[in-house]
Each structure stands twice: as structure tokens, then as C-alpha cells.
Amino acid sequence: MSEKVLKSPEFSWTARSIEYYSTHSPHLFVHTVDQLAERRALNFALDLQGVVSRVEEKMLASSEHGLRASLKEEAKRGEISLLPFLFPSLCFIPSSLISFIPSNPHLFFTVEEGQEKERVSLQVKLDQQSALGRASEESVSRLCNLGQWNLKELIGEHRARGDWDQVAGDKVLTLSGKVTVIMAAEKAEMDALKKECDGLRAQIEAARKAVNDTTMTAAANGVAPLGRVQLKLRKSLKGHLAKIYAMHWSEDSRQMVSASQDGKLLVWDTFTGNKLVAVPLKSAWVMSVAFAPSANLVASGGLDNICTVYNIKAASPKTLRELDAHTGYLSCCRFLSDSEILTASGDTTCVLWDLETGKQKTVYTNHIGDCMSLALAPDMNMFISGACDSLAKLWDLREGTCKQTFSGHTSDINAISFFPSGNAIITGSDDCSCKMYDLRSDQEVTDYTDATLNAGVTSLALSNSGRLIFAGYDDFNCHIWDSLKGEKVGVLSGHDNRVSCTGVPADGMGVCTGSWDSFLKLWN
Amino acid sequence: MSCFRKMEKVIVAMQDPDMGMKMRNQRLLITVIPHAMTGQDVITWLIQKYHICEEEALHLGEMLVRYGYIYPLKEPRCLVLRPDESPYRFQTPYFWTSTRWPPTELDYAIYLAKKNIRKQGELMEYEKERYSLLHKRINHTWDFVVMQAREQLRASKQRRKADRIVLECQEQAYWLINRPPPGVQNMLDWALERPNNFSTRVPLNSDYYKSEIETSRRALGRNRVKSSVCLEGFIKYSEQYQNHDPIMQGCLPSNPWISDDIAYWTMNSEIVPVPTRLRVERWSFRFMELLSDTMGRREFMTYLEKEFSAENLHFWQACEEIRHGESSKIVEKVEDVYKNFLAPGAARWVNIDSKTMDKTLEGIKRPHRFVMDDAQMHIYFLMKKDSYPRYLKSDLYKNMLAKAVVPQETKKSVFPFMRRQRHSSPSPAQASAQAAEEDGRAGTNSAAGSHF
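Respectively, the protein sequence lines represent chains A and V. Just so you know, the first sequence maps onto residues 1 to 524 in our numbering. Just so you know, the second sequence maps onto residues 525 to 976 in our numbering.
Treat the hints with caution; some may be incorrect.
Covered by chain A, according to a simulated footprint, are these stretches of chain V (three or more residues, beta-carbon under 8 Å) [claimed, not checked]:
{"id": "1", "region": "577-587"}
{"id": "2", "region": "683-692"}
{"id": "3", "region": "743-753"}
{"id": "4", "region": "768-779"}
{"id": "5", "region": "847-857"}
Note that these hints are calculated values from the structure, not bench results. Cβ coordinates follow ideal geometry from the N, Cα and C atoms, glycine included.
With the hints as constraints, model all of the structure from the sequences given.
So, in C-alpha cells, the structure goes:
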């Protein structure tokens with residue numbers, strides 16, 4: 001998303017408090033303190049990405065009528081959302097609005113006080129719908145004293161992260177703001193490159209279309225439909241004290257490891273329900289866990305950015321290695337063997353580590369969003385990753401290059417898995433759909449969506465034949481899809497909170513779901 | 525959250541004057557408060573309206589209670605839906621989670637202050653602690669808090685007793701959910717905030733586009749296969765493996781999760797005297813299936829030894845060990861492989877084409893994990909195209925298949941009074957007709973899993 005530099009008409013009033021901000025009909029209502037205590041509306045035009053493209057100022061009379069009143073009506077009818085909030089008085093005169101980006105919530109103004117020009121920012125909190133929710137008491141911060149500078153000299157990147165430390169307060173989401181002010185010439189070069197890139201992508205799409213001679217629906221016409229699939233709850237594993245974030249089966253299909261925010265990893269014997277090993281974690285903010293094929297090691301990681309590998313065969317679980325090189329949270333990890341492990345991180349990279357030395361062997365960079373999930377191909381020559389940039393990428397393990405990119409999702413991809421034959425991948429996303437991409441014909445083949453499902457997919461797993469997809473959603477259920485027919489064929493409902501992880505063991509006996517309600521349930 | 529909207533739809537439907545629930549009156553000593561209902565009413569209504577079984581209705585009803593849309597009148601702290609005469613009431617939309625979220629510290633402070641003022645000692649231990657914490661934290665607005673609390677109490681005194689009781693209950697229920705007592709799980713807990721600001725992480729500048737162009741060029745050059753061929757492949761795969769998928773077809777002798785009998789695992793462990801038929805069948809599906817099964821590999825090795833080409837499999841295994849083994853041993857292993865398989869006059873010399881051999885010998889000078897990849901691939905395909913098909917046609921394989929055991933399904937009767945024997949390895953994918961019938965008859969018996 002690009003940030004744009006705007007010029008706005010001079011404001012010659014002092015903004016006293018911001019009354020309302022509405023996202024749908026983008027107005028910022030400001031109280032002014034001239035004699036009249038007027039209400040002014042800054043009319044923003046937001047483009048498709050929600051970035052301000054135009055600013056106009058509209059003055060409202062000091063009476064109750066006008067734009068604000070009509071907006072209030074619309075809000076009552078539920079057509080737009082108006083969020084009122086009180087804002088401390090701004091005692092500066094904004095001379096021009098530099099930029100406002102709803103997703104990276106800073107309002108930048110230049111301010112003139114006598115000879116000095118300062119750049120001031122208002123830091124505000126955004127709620128889930130990216131509408132201004134609340135502003136903190138001390139969110140006005142003076143970024144830098146420009147002295148005699150003007151805007152031109154600001155060109156470049158300014159990491160605002162350090163500055164925000166001055167602004168503390170419970171209500172403020174401290175995002176690292178980076179204002180990129182781009183010069184025209186540089187922009188021209190970038191536009192040319194971007195054009196070439198788009199051209200290549202169009203060629204790839206054309207090549208894909210050329211081999212697309214049938215659809216999955218047509219091909220699966222002769223396949224008998226499944227009817228309703230009902231799996232029963234067979235076991236409920238109780239033992240965690242907080243939300244379960246991840247689980248992974250061992251290759252013996254009997255042991256399983258689960259991670260919870262109570263700061264523990266538990267290794268279960270799912271048959272007897274006994275807890276075999278409890279590994280206390282240094283950091284309770286765990287997001288992923290993995291079992292080594294040999295069953296000697298487990299790994300976990302999360303907001304601490306570190307992937308810790310434990311030896312669980314020792315008398316008491318011992319930390320074997322701490323793999324610390326990521327600059328973002330660890331979202332997923334998978335062992336290739338007792339000597340190698342793959343990790344995916346919120347710093348947009350995936351890394352292959354050598355466990356003996358604890359060093360990175362290969363770093364896979366290409367994603368532009370946090371990597372959320374990864375899966376190894378059955379032949380272990382490739383792996384796939386899904387990220388917050390809504391792309392799934394296929395990587396060559398050995399060479400470290402991205403072999404192919406699959407687009408189609410419109411939101412973060414949270415879960416990804418291989419079809420058991422290794423020729424297709426299934427992805428689950430926050431856009432409430434799952435998709436199947438074929439690796440050989442290099443394109444999307446099925447879209448698993450249902451109009452009644454408007455919750456994001458958090459996890460998925462496939463049955464051994466690949467026919468059934470178990471997808472965990474934010475609406476507390478795990479829905480079952482027929483992978484060939486693209487139909488929803490069942491549901492596992494029994495959790496009282498979000499299903500955060502699903503897994504089918506190697507022998508395909510059933511499916512395990514783990515949830516924020518702290519239980520693991522086994523079904524078949 | 526989307527589920528809230530769904531729950532609200534259910535609640536609104538429940539309160540529909542025509543098709544909704546039957547309301548009763550709650551008797552509190554001398555006061556009669558209307559608009560109450562029993563737990564049993566709720567369950568019955570859910571079952572009727574959505575055509576679900578009792579277990580699902582219980583679960584759904586319990587979610588409605590846990591998320592604050594219905595609250596119990598008798599034991600307000602116990603957020604459970606009892607399917608009996610216990611009274612419940614609908615929460616007013618003002619206090620719905622979706623309308624008043626998140627609850628502010630200020631509101632909570634006012635609520636606790638009210639409780640404190642109304643009756644000394646009414647605050648519970650944890651509430652007292654929170655109250656004093658809040659007092660410290662928002663001390664600057666404390667006058668406002670106390671003033672508000674007093675005002676609200678005064679206003680409520682002017683209401684009718686019934687209304688007052690109802691409002692108190694509603695507020696209490698709201699706060700029990702939004703500020704749960706210690707030890708009770710907070711149902712409204714959100715996730716770890718995922719900082720989704722990728723525009724600030726990877727700068728979309730010229731360098732980025734240059735590397736994107738490179739990646740796209742590479743991706744453009746990929747080999748693409750016709751969709752029809754690929755999709756046919758998936759369908760065939762699914763069909764072929766359907767019998768081997770316990771969720772689709774059940775498994776014999778029984779699914780250990782259901783029958784609590786580990787016979788299946790014992791029969792299918794890595795090394796057994798007689799493998800099962802399904803397992804031996806799988807060896808014929810794909811070459812990798814044969815190689816990845818320890819017994820399969822052993823059988824194949826026996827066959828190759830008869831054909832005097834066992835060195836191929838030994839070579840392949842040695843290469844696998846280099847690929848997946850310890851880094852420190854790589855140099856040593858590569859040496860061994862060279863000595864035993866590649867050197868001229870080696871004891872187990874493998875037949876690789878000259879080009880691959882040259883490349884490998886060159887690579888051995890600087891050994892790394894993947895140095896044997898090309899040679900390994902060559903031998904793999906050699907075995908796959910030549911020895912593997914012949915093995916499948918051989919007597920060795922056919923005898924194995926004939927000898928292979930097909931386990932009997934263990935009969936398991938869960939309840940002595942059920943006339944029909946339950947399957948211990950049911951096939952959920954085809955069980956719908958069966959299950960519906962059983963559920964209708966047996967009520968909730970079917971889904972009582974074992975709890976630990």
C-alpha cells in the first residue's frame with residue numbers, strides 16, 4: 001500500500017477536538033475555537049485501498065444541522081459507522097495535512113508556530129474495522145523540529161518507531177510508522193519496473209489459461225457424492241489451562257504434542273489419554289509446535305521469535321537448541337529430520353536450519369507479508385508457504401528459490417497443506433474460503449466457499465485419501481469439505497471457542513481438533 | 525465476530541411473539557417477574573426449530589449462556605444451561621457483547637462502586653481487589669465514578685421493584701461475562717494481535733520489483749500439464765486410496781479410537797510376521813510407497829538380490845542417509861559411498877550414465893548434503909522403470925499378497941440392550957443413514973466419548 005503525499009488547503013483555524021470520524025463517508029469532524037466554536041468537516045476521499053487521495057475542507061455552521069446531522073441519521077440506520085470520541089485539545093494550528101492512512105493510523109500535520117515548522121502526529125487507535133476508535137490522552141507527539149526545513153527535505157524514509165516511545169498509554173496501539181515520501185523521478189523508475197512485473201504476471205496467467213481445458217466440477221462429474229459425513233467425538237483430552245494454539249501428530253500416529261498459552265507443551269498418548277511429557281516453555285506466547293519424525297525432538301516458537309528444540313527422550317525435557325535469528329514471530333515450524341528444521345516467521349521469511357550447528361542454512365525470502373504457515377512436500381524436495389500477503393508460494397528446498405506463486409485469496413492465508421499425492425496444495429484463508437491449487441497445471445482448481453460461512457479459516461488437514469478436508473473456522477466449528485466435489489459435507493461442532501489447529505495422523509485414523517477452549521478433541 | 529451475529533439471530537428468533545419461546549413468570553418471594561423461561565424450554569425450542577439432536581441443542585444453548593445472551597436466574601455465576609426447570613432470562617440488547625464491546629474500565633469502576641455503595645460487603649474478594657486496583661489506576665476520574673454510581677443508584681430507586689431486580693441481574697450477568705472471576709475462562713478473549721502492516725516491512729521499491737521480475741521469469745518457464753490430466757490424477761488417487769482411508773472406509777479389525785483395542789496398530793507395526801493385505805496392496809500403488817515401508821523395502825531387496833541388482837537399492841539407501849543424516853558425518857558418508865558404489869572396480873558398482881557420473885565425481889571433491897542427488901535420482905528411476913514393475917509381477921510379490929492377512933472386524937456391543945451390533949470401525953462417510961437411524965433410537969448414547 002503506498003502512502004501518498006497530499007497538499008491540502010491551508011487551515012487557518014485551531015483544531016480543538018476531533019469529534020467524529022466516519023469510515024464509510026470519510027469525514028473528520030473537528031471543533032474549532034475561534035470565537036464561534038465552529039464545526040468543520042474535513043472531507044477525505046478514500047481510494048480503494050483506503051488511502052487518502054483528496055482532501056477538501058467544508059465548513060459547517062455552528063448549528064446542529066448540516067452534514068453531521070445527516071450522517072448521524074445514516075449511522076442510526078446502520079448504514080455507516082460513526083464513532084464519537086473525545087480528543088484532547090490540539091493547541092497548534094495545522095497548516096497542512098501531510099498524510100493519513102487508515103491502516104497505519106497516523107495523521108501527520110505540519111504546524112507553524114511563528115518561524116518554526118514542526119511535524120506533529122496524532123496517533124490513534126483503530127478498531128477491527130479500521131475505523132478510528134479512541135485516541136489516547138497523550139497521543140500528540142512532536143516528531144521533529146523542522147526549523148526552517150520544508151517538506152522537500154523530508155523526502156526519504158523516516159522510521160518513526162523510536163519516536164513513539166514517548167507516547168505511552170494503554171489505549172494506543174503503537175505501530176511502527178514509516179512515512180515514505182517519494183520523489184517523482186524515483187517513482188517513474190518504479191512505475192516502469194512495476195509495469196514489467198505486471199506484464200510477466202499477465203503472461204503467466206495466459207500460460208495457465210492455455211492448459212486449462214476442464215474444471216474440477218466437470219472432471220469429478222462421475223465421482224459418487226458423499227452424502228453427509230458424520231464424525232463422532234471419540235476422545236476429549238483435558239489438561240491445558242489456556243488456549244491451545246497448535247498441535248502436531250507424531251509419525252507413529254499415537255503420540256501428539258500440543259502447545260498452549262499456559263506456557264506448556266504437552267506430549268500425549270492419545271490412545272490412553274495420558275500426558276507423557278510436559279515441557280515448560282520460557283515464553284508462554286507460543287504459536288506453533290512440531291514433532292520430529294523420529295519422535296525424539298519437539299520444537300516450538302511464537303512471539304519470542306525463537307524456535308526452541310527440545311529433546312523429549314531425555315530423563316527430563318532438555319533444550320537442545322534455540323534458533324534465534326528471526327526478526328518476527330514464529331508462526332510455523334516443521335522438522336525434516338533430526339538434523340534439519342524449517343520455520344516460517346512473521347518477518348516474511350522462511351528459514352531452513354541446521355540443528356547441529358544451530359545456524360541458518362537457507363533463507364527463503366519473497367513474501368511481502370507475515371508467513372503464517374508452511375507444509376513439506378511428501379518427497380521433501382519442495383515446500384509451500386502461505387502468508388498475510390494472500391499468496392501461497394512453492395519453494396525449492398535446496399536452491400532456496402521461489403518456484404511459483406499462487407494468488408486468488410483476498411486475505412491472509414492462515415493454513416496450508418499438501419494433497420497426499422503431492423501434486424496439489426490446499427490453502428485456508430481469512431477470506432472465509434479454502435482453495436485447491438494444482439502444482440502441475442500451475443493454477444487454482446477449486447474454491448471451497450459457502451455463502452453461510454463468514455468466518456475465517458484458521459487451520460486445515462486432509463484425510464489420507466485426500467477426499468476430505470477438515471477446516472477449522474473462527475465460528476468455533478470445523479467444517480468438512482469434499483475435496484473433489486467442492487461441497488460441504490459435514491461439520492464437527494463441539495468446541496466452545498475458535499478451532500485453532502487440526503491434524504490428521506499418518507495412519508489417517510481420525511482427526512484431532514484443538515481449540516481456544518483448552519480442549520483437544522479426537523473424532524472419526 | 526461473525527458467530528455473535530449468528531447467535532443474535534437465534535436469540536431474536538427465540539423472542540419472536542408467534543414462533544418464539546413460551547415465557548413464564550419467575551416468582552421471587554412476593555415479586556413476580558415476567559419473561560422468564562426454563563432451561564428445558566430452551567432445549568426443546570432449539571430442537572424443534574433447527575431439527576437437531578439434543579446433544580447439539582445443549583451445546584448451542586450453552587454457548588448462548590456462555591456468551592451472555594441468556595443468563596441464569598438461580599445461580600448467576602454458574603454459566604451452564606441446565607435442561608430442567610431452572611429459570612433463565614434473555615439479556616437485553618443493551619448488554620449484548622456486540623453492542624457494548626469492549627467494556628471500559630470506567631464502566632466497570634462505576635458498576636463496582638454501585639455495588640459497594642448499595643450494600644457494604646457485597647463485593648466479592650476478587651471484586652474488592654479489582655476495585656482497589658481501579659481506584660489507583662483511574663484515580664483522576666474517581667469523583668466522576670462515585671458521582672455516576674450515586675446517580676444511577678438514585679435513578680434505580682425510583683423504579684418498580686421488579687424492573688430494578690431485572691436490571692441488576694442483567695448488569696451482573698454482563699459483568700460476569702466481561703470481567704470473569706479468576707479461574708473462569710474469559711470467553712471474550714481475543715487473539716494475539718497480528719501486526720498486519722506489511723507495507724512497512726518490505727519496502728516496495730525498485731529492488732523489490734527487480735527481484736519480483738526475476739522470480740516471475742522463472743515461474744513463467746515452468747512446465748505445465750493439461751488440467752484434464754491433473755484433475756484425473758486427483759480423482760484416481762482418491763479412489764485408489766479410499767479403502768486405505770480409515771475415515772472414509774473404516775479400518776479392520778477395528779479403529780482403536782472407537783474400540784479401545786490396539787489390534788490394528790499391532791498388526792500394522794513396522795515389522796510383523798505377516799503384513800495385512802491393504803498394506804501389501806499399497807506397495808503396488810507407487811514405488812515410493814514400497815520404499816518408504818520398511819517391510820516393503822526388505823521384500824524388494826530380497827527380490828533384487830535374486831536379480832543381482834541389489835546394489836541399486838543399497839546405493840539409494842546410502843544416499844538417503846546422506847541427505848537426511850547428521851551434517852558432521854556427511855564427508856565420511858560420501859567417502860564410503862564413493863568407495864563402495866562409484867569407484868572403478870567397487871564392490872557394489874552402480875551403473876550410472878557417464879554424464880551424471882562425471883558431475884557426481886566432480887561434486888564429491890566438495891561434498892555436501894545434496895551432492896549425490898543426481899546419481900540417486902538416476903538409480904531411483906532405473907529401479908522404478910525396470911525392477912519395480914517386474915517385482916510386482918513376480919511370484920515373490922504375488923505370494924506375499926496371497927499370504928497377507930485380512931483381519932476380521934471385531935464385533936463390539938456397547939449397550940447390552942441394543943439389538944443391533946455396533947460397528948467398531950464404522951465408515952463415517954457412508955454412515956449417515958445408519959447413524960440417523962441409531963440416533964433416533966438411542967438418543968444421546970452415541971456421542972458419549974471417553975473423557976480423561
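Here is what the structure says about each hint:
1. For the region 577-587 of chain V, the stated coverage by chain A holds: 4 residues have a C-beta nearer than 8 Å to a C-beta of that chain, and at least 3 were required.
2. Coverage of the region 683-692 of chain V by chain A is violated. Counting CB-CB distances below 8 Å, 0 residues qualify, and the rule asks for three or more.
3. Given as covered by chain A, the region 743-753 of chain V passes the check, having 9 residues with a CB less than 8 Å from a CB of that chain where 3 are the minimum.
4. As drawn, the region 768-779 of chain V meets chain A at 7 residues by the rule of a beta-carbon pair under 8 Å; at three or more, the given contact holds.
5. Against chain A, the region 847-857 of chain V contributes 5 residues with a C-beta closer than 8 Å to a partner C-beta. That satisfies the three-residue criterion, and the hint holds.
The structure fails to meet hint 2 from the earlier list, while all remaining hints are met.
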